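Residues per chain, in single letters:
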Amino acid sequence: MLLSLSGVKTAASATSPATTLQAKNCPYGGKPRPFAQVVTHKDPLTIRSCPNGPVIGLVPKGWQVVTGDRDATGKWVKIGSHFSSSSQNLSGGGRANRFMNAPNFQVGWVLKSYLKPLGNFCEKPLNAQRGTLPEMSGKRQVLIHQDWLQIGDKIASRNSEK
Amino acid sequence: MRELSDRTATNLKKVLEVALTLPGNYHRFLQAGLIDSNSNIKQLVTDWQTAFTNLQPIDKQTVRQNPGLFLATADDLVYRGMTSGTSGDFFTYFAGNEWNQARLLARQRALSWWGIDEQVPIINLASRLQPLRVNDISLIGNITADWLQSLKELLQIQPAVIRGYPSRLSEVAAALVGHSIPAVLGVICTGEVLFDFQKQLLESIFQTSVINEYGCQETGISGLSCPECGRLHLDVDRCFYEIIDGELVTTDLFNYTMPLIRYKCGDRIQLDFDACLCGRSGFTAQILGRIQEQIKTQQGWKYPGEICLPKFPGILNYQIVKQNQVDVDIWLQLEPQQVLDLSPLQLWLENLFGEVRGRVIVDSSDLSQLENTQSCSDLEWIEWVTKKSWREWLELGLLPAGSAREIALLLKSLIQPTVMVNSGISPIAQQAIARLLQPSPCRESPVELMAVRVLLLACSFLADRPTRQNIYHRAQQRLAEMNCGEYSAMVDLLIPSLGFDSNTAISIWENTNLPDSGKLDVFNIQHLLAAFNLAASTAKRENPNIAIAWKPILSILIGDLNFWASRFHIQILASWWELVNGKALASSIHRQTTGDSFLDAWLTWRQAILGDGASATTALSQLQATATLPTEIARVELEQGYAKLLWQEPLNPVEWLEKIHKNAGLISANLPDRDIDPIPWIPLLWKLAPLWLAGGESELAYQCLIAAAPPDMRASGFERLAREMNYKQSTICDRSNIPLP
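From first to last, the protein sequence lines are chains A and B.
My numbering runs 5 ahead of the 1-based position in the first sequence.
Residue 621 in my numbering is what sits at position 639 of the second sequence, and the numbering runs on without skipping anything.
Since the hints were made in silico from the structure, they are not lab data.
Note that the structure is predicted; figures quoted are calculated from it, not measured.
We put the beta carbon where it would ideally sit given N, CA and C, even for glycine.
It is possible that some hints are incorrect.
[To be verified] Label pairs and their computed distance ranges (CB to CB):
id: 1; chain 1: B; residue 1: Gly577; chain 2: A; residue 2: Ser162; range: 17 to 27 Å
id: 2; chain 1: A; residue 1: Pro59; chain 2: B; residue 2: Leu329; range: 34 to 44 Å
id: 3; chain 1: B; residue 1: Asp57; chain 2: A; residue 2: Asp76; range: 49 to 59 Å
[Claimed, not checked] Only pairs whose alpha carbons sit at most 20 Å apart, straight line, appear in this in silico PhoX-like list of lysine-lysine:
id: 4; chain 1: A; residue 1: Lys47; chain 2: A; residue 2: Lys144
id: 5; chain 1: B; residue 1: Lys394; chain 2: B; residue 2: Lys369
id: 6; chain 1: A; residue 1: Lys66; chain 2: A; residue 2: Lys121
id: 7; chain 1: B; residue 1: Lys(-5); chain 2: B; residue 2: Lys24
id: 8; chain 1: B; residue 1: Lys641; chain 2: A; residue 2: Lys144
id: 9; chain 1: B; residue 1: Lys644; chain 2: A; residue 2: Lys144
id: 10; chain 1: A; residue 1: Lys121; chain 2: B; residue 2: Lys370
id: 11; chain 1: B; residue 1: Lys(-4); chain 2: B; residue 2: Lys24
id: 12; chain 1: A; residue 1: Lys66; chain 2: A; residue 2: Lys80
Modelling step: build the complete structure from the supplied sequences, incorporating the hints.
Below, the structure written as structure tokens:
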């Protein structure tokens, strides 16, 4: 057996909110993965088969995706869903998983400028905060367990616009 | 099935009688012969115990698809919990008062084996475990030097039991090597499989017994190891346990709200029916792990609990992650000043996995550098908390470098406490308040003003009224000495009145010289939100009629603020005081009209609620007549809903669901097109849920209850930290064996 000392963890990066140890894993395996939220103004975000390639799908505004590789320009990033199996190839998070509120979702490439990084998480970070309750609200999403400070921030931003 | 005791049989029958009425169970019960298919009446057959053995177990995924089909009542909801699970693989479950009482009693009973009574605090460490009993505490967040110091200070104040996930507790223990640690009365390990090396480490560092706890809330499972033999005794009063095809299958005997019958929770355990030498009745168990946690070894597939993880010389703590068929990551925390000899570990890994590539990662974290903070000037920080996002402030870890630093740290400890107590604030935050109460002559005026504003905000976090009053008066005095007349500071001076009695509140209102006009700043808005918690408690005590009719009144206050923030006048604050106290505030200031006709009509309507029904009806009609903007018309419909709740008038569920759809975006603007903010509608959703359930729309009823989760400042602050840093993990796992969902 080959046993090599390959890494010494010294300190977490001050810029990264995730301070998990390198080998530390999530409850059921896997490491925390980078999540981002789609922040288009109104329309869904176009998903392409490769950077600037043919359109293969759409991801709704406000959706949370797992991000993977970037292209050489840094403008395009590959996305998958929280069902994707790994951060590298993001497989398994596309058409096989049908999403009621994102029927055209596919694993693919999107413009990075339309994504807001949310940090690294084991689970979909806002799963408990935004839910699809089709019986109650149709295709609209319901904010559940909203973060208390974000409630204040939201009210304050509305106040400052007046 | 083994023979049931009379008590278990009685409880099982009672819960089956509730469960058989639910659509999610009907076919399963019918198939097992638990109910008679020829009878029009749904009732258990005479020999239900035999039929029960034929009942097909149900798993989490099935319940998750249509949880509403398992909802028996939408009235007696005392507990709202979320199952554990992989991404997207969880659901919210509900339970009632009887269940909650049984839960607390079982816990109290088991803890008493170890002499842990209600007076002994339990400090939950670095985990997603909230304080449960009155004296309990949770210390959450990243394990830094300050965090460890907080732990020692808490233990210094009062010896306590510590509790958490064994992997996280071991991280804490390893970080405490060489420290002088105040007395610890016991270490409770829960949530993960406890391994031998962890038990040894925890015992040696904390110099106390290690207790193994097992629990799964949605199933009613609970258990604790006994002091005499260390065997894990499961509580058989709350839950009926079976092993079917090697898997644990349970029936919670006290959940009549959302009963889960023969439910597979996904854990693998071994039950041992041999009597324990400690003399306690019932059986014991060994936890093997989650069903998806199997690990491929030289000896075949194993669950974590079937693998012995020994102590290795020179290594305090470790984690093994098999990344794929050939690569294994080993993370280590070493004993100080040890030459690392990897050969025992290497040999052990070879025996376990065969020929693999091991990658060792030694943790040599400098705890002082784990703090996520950035420095800024005092004025930059003040600008941030009065004008910008508080959530972003915390995410950036922005702290002022000057004399405002202690003020910022106090504010942070209030809104995002790493030390969380069951009610009020932690002893550490209390000390910070005491320090800030001492005037400091070297503070510049903007910093001193922020010190006073933060002290006024702190009043909303204090349960003890005399302490709150003392802090308020000292802050008020300091503000008077500053001769400050800023609108935002004056609003801060009035906000704490929401938590005070009539005399104090009237005195506050009469002695505050508010400028004619001004605008709420970000600090005011966050201050108001915090004060609403205290106001909601006041309503329960002073105006129970409104607190019951408009439950949870907190959501109404937040909804009001969201609607009126941009049109704020101080009369609104006075109106909230009157609402929660159920009486008029005898002050002339807030009687003046605002110049905003719709707001004036709204204030009249809210005040009329305190009087007779006729004047309230007139005021509501007047409000409707005044509404011109679409947002105002939507607001009127919401207030009409509140009126129906108050006057106990029937609600048409179809009509009101449509109203919510139509008006939600207008009442809570600035939301993405697809979103609904349910907060102002929560009291109505609570009423709609039982109506939908009675009408056979169980999934809709369930979804109303999900949407009606009340806003919770404490839980929100807790989750913000603990969700990111204090989740469970596996001490040994095989990532090559993670199935796709």
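For each hint, the structure was consulted:
1. A hinted range of 17 to 27 Å holds for the C-beta pair Gly577(B) and Ser162(A), which are about 25 Å apart.
2. Between Pro59(A) and Leu329(B) the Cβ separation comes to about 54 Å, which falls outside the hinted range of 34 to 44 Å.
3. Our hint of 49 to 59 Å for Asp57(B) and Asp76(A) holds, since their Cβ atoms are close to 55 Å apart.
4. A C-alpha spacing of about 15 Å is found between Lys47(A) and Lys144(A), which places the hinted pair at or below 20 Å, so the restraint holds.
5. Proposed proximity of Lys394(B) and Lys369(B) is supported: the alpha carbons are some 16 Å apart, at most 20 Å.
6. A threshold of 20 Å between alpha carbons decides the hint, and for Lys66(A) with Lys121(A) the separation of about 11 Å falls inside it, so the pair holds.
7. With a C-alpha separation of about 14 Å, the suggested pair Lys(-5)(B) and Lys24(B) falls inside the 20 Å cut-off, and the hint holds.
8. The hinted pair formed by Lys641(B) and Lys144(A) meets the criterion: a straight-line CA distance of about 16 Å does not exceed 20 Å.
9. Our distance criterion of 20 Å between C-alpha atoms is met by Lys644(B) and Lys144(A), whose separation comes to about 14 Å.
10. Distance restraint check for Lys121(A) and Lys370(B): the Cα-Cα separation of roughly 18 Å lies within the 20 Å cut-off, and the hinted pair is therefore satisfied.
11. Restraint check for Lys(-4)(B) and Lys24(B): the C-alpha separation of about 14 Å stays at or below 20 Å, so the hint holds.
12. For the hint linking Lys66(A) to Lys80(A), the alpha-carbon distance of about 19 Å falls within 20 Å, and the restraint holds.
Hint compliance for this structure: hint 2 is the single one not met.
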